[in-house]
Structures are given as C-alpha cells and as structure tokens.
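Chain order of the listed sequences is Z and R.
Read in order, the letters of the first sequence correspond to residues 1 to 618 in the UniProt record's numbering.
Read in order, the letters of the second sequence correspond to residues 1 to 618 in the UniProt record's numbering.
Derived by calculation from the structure, the hints in this document are not laboratory data.
Given the structure is predicted, the values throughout are model-derived calculations rather than measurements.
One or more of the hints may lead you astray.
Below, in silico cross-link-like pairs of lysine-lysine (DSBU-like), each with a Cα-Cα straight-line distance of 35 Å or less [stated by the list, open to error]:
no.	chain 1	residue 1	chain 2	residue 2
1	R	Lys-452	Z	Lys-554
2	Z	Lys-554	R	Lys-158
3	R	Lys-200	R	Lys-420
4	R	Lys-452	Z	Lys-121
5	Z	Lys-200	Z	Lys-452
6	Z	Lys-394	Z	Lys-568
2 protein chains.
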Amino acid sequence: MQNSRSKPCSCPSLKMREVASMYFTMVAAFLVILVVALQGSVSRQSDFPYKVPLDPEGLLELSWNVSYPEQAVHFQLLIRDLQFGLLFGMSDRGEFENADLAVLWSDGHNSYFGDAWSDAKGQLHMDSQQDYQLLSARRAPEGLYLLFRRAFSTCDPKDYLIEDGTVHLIYGILEKPVRSLQAINISALHGGLQRVQLLKPNISIPELPRDMKTMEITAPDVVIPSQETTYWCYMAELPEGFPKHHIIMYEPVVTAGNEALVHHMEVFQCAAEFDSFPQYNGPCDSKMKPDRLNYCRHVLAAWAMGAQAFYYPEEAGLAFGGPGSSRYLRLEIHYHNPLVFKGRRDSSGIRLYYTATLRPHDAGIMELGLVYTPVMAIPPGEDNFILTGYCTDKCTQLALPTAGIRIFASQLHTHLAGRKVVTVLAREGREQQVVNADRHYSPHFQEIRMLKEVVAVFPGDELITTCTYNTEDRSRATVGGFGILEEMCVNYVHYYPQTQLELCKSAVDPGYLHRYFNLVNRFNDEEICMCPQVSVPQQFYSIPWNTFNRDVLKSLYDFAPISMHCNKSSAVRFPGEWEKQPLPSITERLREPSPRCPPSPGPQPAAPVPLNLGQLRR
Amino acid sequence: MQNSRSKPCSCPSLKMREVASMYFTMVAAFLVILVVALQGSVSRQSDFPYKVPLDPEGLLELSWNVSYPEQAVHFQLLIRDLQFGLLFGMSDRGEFENADLAVLWSDGHNSYFGDAWSDAKGQLHMDSQQDYQLLSARRAPEGLYLLFRRAFSTCDPKDYLIEDGTVHLIYGILEKPVRSLQAINISALHGGLQRVQLLKPNISIPELPRDMKTMEITAPDVVIPSQETTYWCYMAELPEGFPKHHIIMYEPVVTAGNEALVHHMEVFQCAAEFDSFPQYNGPCDSKMKPDRLNYCRHVLAAWAMGAQAFYYPEEAGLAFGGPGSSRYLRLEIHYHNPLVFKGRRDSSGIRLYYTATLRPHDAGIMELGLVYTPVMAIPPGEDNFILTGYCTDKCTQLALPTAGIRIFASQLHTHLAGRKVVTVLAREGREQQVVNADRHYSPHFQEIRMLKEVVAVFPGDELITTCTYNTEDRSRATVGGFGILEEMCVNYVHYYPQTQLELCKSAVDPGYLHRYFNLVNRFNDEEICMCPQVSVPQQFYSIPWNTFNRDVLKSLYDFAPISMHCNKSSAVRFPGEWEKQPLPSITERLREPSPRCPPSPGPQPAAPVPLNLGQLRR
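Just chain Z, with the same shape it has in the complex (with noise of 0.2 Å):
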C-alpha cells in the first residue's frame, strides 16, 4: 500500500520563530511512501477516541484506542511542526533515562522509525525486538500523522509494561539532522512528560434520560495568570430552592486553544452547615481568598487532562440540590503555563448532566486508607517505603447493608511523596481482587477514575490500601497529617447505594508506637526524649534513623493492633470497640498477573523502518 502526496502544510496562527520554521519545511517537497502494511482492522485505527496534548504548545497531539481483545494500543499522533524527528514513549516516572522509546529521525536526507530504549545514563539503543509497530505516515495539510501499535507487554524486558493507572508520556523533538540513533543526545533535546491514563477502561454508556438537563461551571473569562502553576478559584451558585437531582455524567468544557494549558478542575459542594459563602474569583493561594472556602471540599465532579466524560451507573446518580445540601460550589481550574503565555483568556469548566427523576440510588463516597495522624510516618531516605490502611471486617459487616455496596469508580490520593497506591478487596483473609491500583502514581495527576469492572463490597469484607513512598530527598521523617509535606493514603470510592459510612480508615495504635519509641531509644544507646509530653512528630524528628530503626518501625506497622475509623462523618463512629484491634491477616494473596506476550505474527526485526518523507529540514 503506497501513497504519495505533494502538499504545503497550512499553518495556524504561529510566533515568528514557529512561522520562519514552517517555510523551510513548505519548500520541501514531500513524498510519503508508506512502508509498513496496514495492520489490523482500518476502523480501529481511524477511531481514536482518547486525545491529549503532549507539549505545552500543542504542537503534537496524541490520540489513540485500547484494544482488550488485542491487548494493544493504537496510538496515533499529529507532529504540527517536524522538525528532524521526535521521541516518543514512557518511562516509570517520565525520565529520559531508562525509558522505552518509539524514534522518527532524519539525517538531513532519510528519515527512520525505530523503536529504541535509553540506558541509565540516557544512551539511546536499538530495541532487539520492535514492539512499536509503525502502521502508517501520513502528510496533512495540519501535520504529520504517525500511526502505530504497541501491545500492552511486549515480554521485552528493555520495554515499558503498559499498565493500568498513570502512565509517564515523554516526547522529545529533534532539532538537527542526526547520522543514527545512537548520535541522539537525549539531554539536549527540548522535551517534556505528560501524564494520562493510557488504558481507559471499556464502558458502554448508560441510556441517558430525556429529561436530563445541563449546568455549566465554568470560569467567567479569566485571564490566565503568566506563571506556571495555578489554581484558580471560582464560586457558583445553585438557584434557590433548586431540590435535589441526580448528577447521571458530567464532562469537561475546555476553551478552544487552551487545550494544553487546562490540566485538571474540580467542581466541589460547599458544606451545609454554613448559610451562605462569599463570592470568589480568583487564585486559591490568595490572601484575598475568603477562609470559608475551605468548606467547600465535597467533589461533585473531577477531570483531568486526557480523560473523557464521566457517566455515572444507571442504577445511581450523585445527589445534589434540596434541603440538607449547600447551594454553594466551588470551581477549580489548576493551570500549568509552563511557556509563561500571556494575556491567554479561559473560561473552561465543568458541564453537568442532571435529572429530576432520581435514579434507584444516590451514589456514595467512601474514604480508605490512613486516618490523619503523625503516629503513621515514613523515614526520611527511603525509595519505597510502604504505609497500609485497613478497612476491617468487623466495619463492614456494622456499616454495609446485607446485599453490599457497588464500587464504580475510585479517586487515589497521597501528599509529595506518593509513588503507588493500590487498594484491594480481601474476604475471609483471602485476597480477592484489585479495586484499583496505580503503579505509576503521581500526586500531579489525580482523578476520578472509572473502574474496569464494578467491584462489589459485601458486610465482612476488608479493602486494604497501601500506598508507597519516596523520601529519598528529606533529611527527616515525613508524618502522617495535612500538610503538604506531611503524608496521606487515601481511596475516595464512588459507590452506590449510599450508606452512612463515610470513612473506613485505620492508623497503628498510639501504645504500640510508643513502645517503640522505648525500644529504639534503648536498643540504640541514645540518649533522645522519648518522653510523653514530646509529640509524635518531634519523636519521629528525633530517631537517629538507620536500618535497623527503619526495619523495626516497618515490623512494628505490620504486627501492631490498629486503631478503627469506622465513621458516619469525619467525627462520628459506629458504635463499637474501635481501639487495639487485630490487624486482618491475609492468608492468600492475589498473583501477579503474568503478562501476557504478544501473539504471532511477533515483532518485527531489530532495524530500523526507512520513511521517505523527502528532506525535512535544509
């Protein structure tokens, strides 16, 4: 199959350093040869729906489709502006250094499609076997398409394993001509990281009713600050007397052009027990920003870069409006301006869908994982350490009713130095499946995620949250709490129908942790305050930290009986004994899956694809 085209591009509205590079690339002739057989159905290659921005210019735009039966994604991407190549791929955190890579280069004359790998110190290599599998080149007159196929596991161990959860995209342009893959400086390539969530799962959408409305919030035509990171503010209103609806879906309105720069919003419900909030608009971190708004942290709706509309379960649908509820929300818009545009205006936000024929049930949020307590601390210096939550049997079986609840979608969320979060649903001391888990985890990247599969929770079961951290770069222990450079590990799970457990969370009993405080302070010859009246931070503050001390508190954090929030608020327990209870123990844990390797036909040798795409550059 063979296509050979002969066009100019046509250029959006670009900066002059952008414009004067597009005219080298107009008087080049271009003669697409497509050397690789179309592989697999057309219609799952044409269709892509997920779509994300990979630079903050957006200059190139990836799009792509899962395949399950295939294990595989499609990826295609639209480079606006070639230059002399691209690199394209995935890393465990986005680094450059040991990542897995598809390549386009040009020596000035040919151009080559390669799938490479970069060691520790960045040294680009050719992969053995190429699992990114080019399908197509195709000139337009908006850019160059690329279109290829990798499988989620390639068996490869020089490849990334595409799994569920983040994923760490990296892109890097190619400025120069290069002889080879080898002579690629990775280091000085003008490049980025962009993160989304590859494997979105397979959901047929739900009939929508007919009386279903819309609600837009969005902010009132902002003018982006020119700074890199902000988190704009912006309060709405409900009508009043506005009486309860059910929220069925909702999804992002982004203005056109800002595509790159909207990288998440959240729509929050402000508290009840307050009348009324103050009119806001502005950044969140302002000291203009009245404290009130603090109240206002129930979500309605989260969105992310790269992720689509959020469509709740037919049988449930989110409450919102009527007595009991605020009409006070809260809008926030993180931006990320990296290239310090200025003057850009906004007005994106969140649409909603709503009904006045509520749904069976109103869904829930259920919060896992570790109460906020300093008595749950990581080490300082430690690349993986690992705090659990436990939502024990004994909570359940109080809380849930008998028929239990339907888990449906799940929000993750740690503090700086989160790495993974994984929750899982065990059942007589038997682990039973993954609720949901994110091995890529990052705390710049959290939303609102649909699960594969709705996740039943019945009365007895336990879900157990263990989130992993990084403290390689602090000189003391990081604590458990609300700072920002204090730790949480939380699962906020969607579920329906609604219960009146609100928080199923745990942290190691007080008594246990001060034994070991005692331990250390003798086992050590040290001659630290380990005394009552000091806080729990300052102890941890003052352990003269070693392996010893760091493989004591992990022994003590997996023996020690826990102290139970088994809530109906943040405040208010279940009846029951909550304190020095036994840690569930797991008699049988899940396996890791084995990754499955890709069926025959099987990679394609270890040489390069020539692509002749003409010159690229003069």
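For chain Z, the structure is supplied; the task is to place chain R on it using the hints.
For chain R alone, coordinates are given in the frame of chain Z:
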C-alpha cells in the same frame, strides 16, 4: 521421516514380577512411527555425555547434553519396560504438584506425547505452549528411546526454569491405559524423584601429564545392607613414604548393575597429628566404628550420582602424600536402597589420577559462610528465612596474595533445613558476580561442582554467602551448630594458589543479640528469663515467636556488627581486630538475569503429538 520395527524386547535378568510383565510386552507388536522430524544436528542429539538412572531399579535411564549456544537441554530417556506411558519432568523440590511434565501416555490403542503441567492439587493440564519438543521415539532391543529437547527458559509461567545447580527430576509410571492426559491420577502413580545438576559446565579438559598414575580407593566387595540408607566407611592407606603428589583428576568407579544404588561417595584424608588410624570396613554409624575415624574429614574427592570426572585446572593440583600429610584415607559411600535389595555386592569407589610432576600451584579449600554458633538462628514456621555469612574486605586484604586467588569449584553445605545457597563476590560495595548459586539446593545432594567460569578474588574483595531455610515443620527455633537439627551455611570453595586462609566466616555480634533478647522481652510484656546465665539456644527456644519478633531478628541480622572468623585454621585467627566489625554495605546488587525466551522456530501448538507405538499392553 518414518521408521517401523517389529522386534521383541531382549530382557536383562529381572525378578519374577518384572519378567511376567515383560512377557506381555513381548506379545505386542511394535510399530514405531516417528511423527516428529528430527530437529537440530544429529551429532548434538546422539551425544549424551551425562547419564543417571531415574528409578532405583534402573528401568528408566536418563542421558542428556547441554547446548549453551542454543540455551537448551537435549534429553534421551531410555524406558526399559514401557507399560502404558510415563511422566518425566521437573519441579521446585521434586514434588508432583506444580510440576512441569513431559507425558507419554496410551489409551490402550494409541499413544501420545505432550507437554503438561500439574496444578497445586496434582491435576494434569496440557500446556498452552509445547516446550518439551519431541525429536524422536525409537524402539531398540533394550527398550524405547525418547529424544526430546527443552529450552532452559520458555517464558511460559507454567514451565520450570532450568537454572544452574540442583534440578529435581521426577518420574511416574503409567501402569494402566488412560483415556486422556487429564484422567491421569498423579497420586496413584508409581514414581519418584532424582536430583541432578542438569546444567553441567562446559569445561575444556586440561591436558594430562604422561607420568600420570591412578589409584583406586574402592570398597572391598561389600554386601550392601538391605536397608534404605547406608553410609559405608572404609579405611585405606597410602604406601609408607609416599611422597607429595598432585591429584589432577578423579572419577567414579561404580560396580556394574549398582548404578542406581550408589548415591554418592567421598574420599577424606585423615588428620596429620595422629600417626596411625585403625582399619575399618563397615557402616559409618556402627558402634564398632573407632572414634578416631571422626578425624578423617579433609575432603580429597567427592562424587555424587550424575557427576562425571572432576578435573583440576591445569595450573593446580590437590596435594597429597609427603611430610605433614596423613597416609590414611577414609572412603565413605552412601548406598540408597529404597527397594531393599538383599545380597547385592559392591566394589565402588573413586579412582584418583595423580602425578609426581607437581603443577605450579597447590589447590586449597576455603570455608565461606557462617560460623557454627547458636547466635545465628532461624525462627520456627518459616518458609524462606535467610541467613548471611560474610568474608569481609578486611580479611581478604590481609590474607590473599596481591595477584589474587582463582576459585574453580565449590561445594555448598547446610543441614536439613537448607533450601538455597548463593555466594556472591562484591568489590567496593558492588556485587560483581555469582560464585556459585543453587536455588533448588538439597542437603541430600552435595556435590563438588566445577564452576562455569573461574572466579578471581583479590585482596579487599568480599564474599557473601546467603542460605535460605525452611522450618515450617519445626516448633522451636533452629540455632546454628554441628547437630543435624542445628544449621550450617557453608560454601567450601576450591581455589589456587593455596593460602593460609582456611576459614572466612562471620556471625552476629553476641552483644547485639543480647540487646535483641532484652527488646523482645520488654516489647512483648512477657516474663521470660533472658538472663545472661541462660544459654543462647535456651533464650531462642523461649521466645514467643510472632511476626514482630521474627522481623526484628531479621532486622538485627541485617544491621548489627559481626564477629569475623578470619582464620588460618579452625582455631587460629589472623592477627587483627575481628569483633564488632561493620557489616559490608552493598550499594549495587546484581540484576536477576532476565530469562531468554526460546528463539524462533517457536514452541509447538498445544496439542498432543500422536505416536504410533502399537498397543503397549493388553
């Protein structure tokens, strides 16, 4: 390629039961059709240097070769008395559950061959990837020869990964026709296990000198006792005035017909401090055995079933004879006679090849690992508890020559709870290479093994030996010591040139262990007498074991300073400070090698291969 024959079997002398069953075999007509084309070169498959009987009757005989370029083993299995099929395979420790099996079965009319696996309940399943590749099935007068090939690593998670060190082979005999693979009831099979080192090193044999002489140290026509296990001791003597020689090679001498009974043999040299030793020829555990024989412990030669001749590297030989060396040798033979044959006579032993033309270097033996002391203990109920013994940089700095030493062979040693032994060489805190690793170690199979490559150790290097233990069947702690129910963690490394360093081993500092006992006492609110006058084993026995006490003991062993034994002989230390030494800190670990998957042509489809062997039995 087809091949048909019709021959009756020729029977060797067998017992009545066997003769009767052979009769039925004789009346069947055999038509052998090779349905699988021969793959690979004929020379590779026809040359099987390694051979071992699988069963105690010697009816199943396995030969094999190893191709490192292909990363595959070719097996030739001789089935002397085929009934309705055979299972042959590998599993972690010789169990029939979770095993990887090649199965030949007959439904009474047709025969099939397939790659199967057994689940945790012993149920057989056809493998989705057929990695035991049948190359040929051939009738011969002595029985049926099956030739098949298996890659070391198949990347099929159901398959066994063939690694260096011990492999537990299993076999099972089908005595009745079976409808299908799934119908095979593993628990009802007549079967067993055989331990071998499958991946023999590929070593070129050094040239042997012209003046080489041989000496056989063999049992003098012993009647093998009619009991399952016998350790037979026989005292031999070198001629008076026998001068210093170098042993440069040795090999087993096994009496024909006893190949399945002689399990392992060792020749020990007696201690030089005694002028004479009594004669003895009888069981090693007899009350009649003179106590002085316990002073014959210096290993000169060791052989175990499946092992071949042992060659010293051409630069070195093992010194024996001459002044300062005892004339007395003890031969120890382990007879394994599970079928309790009576009256079998045996004259097996070891043939030493030695020369008076001394080679440039004497070979030496050095003990690495843990000191025999109760301070190193394993809690009860553990499935993989790890203890580590260190040979520190300080000791090698002092004791090794500037040019270093070359380790060419290794014998791993633990008592009954040992499951894995690994020694790693580290330099400046970075692991360099594995000296010897056995991840399926069995205390019942202790060979001297040639290393695949000679390991050079220089002053300042560290040798770290880790042993993994299983104490699931024990109810109290297992302490270090000489007793069979106490534990050891030792690697006897064979090296040249010989140095004064005989022992480079460690144990935890006893003062830190005392702090541990105090800590356990205080943390657990128990009133156990952890007074210093109580012995260390008694203190370990009185610990109320739980995960915390277990984990803190692990943390202690990973943290506390060590007492080094850097000794010229078992009692004489090199001068220096050897107490409270810092643990070697390892900043860079060796990566687990990622297994190579089989190269194309890939595995065969998941269907059994039909074999026309005629009707096997009626």
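Non-conforming hints, listed in increasing numerical order: Those not satisfied come down to hint 1.
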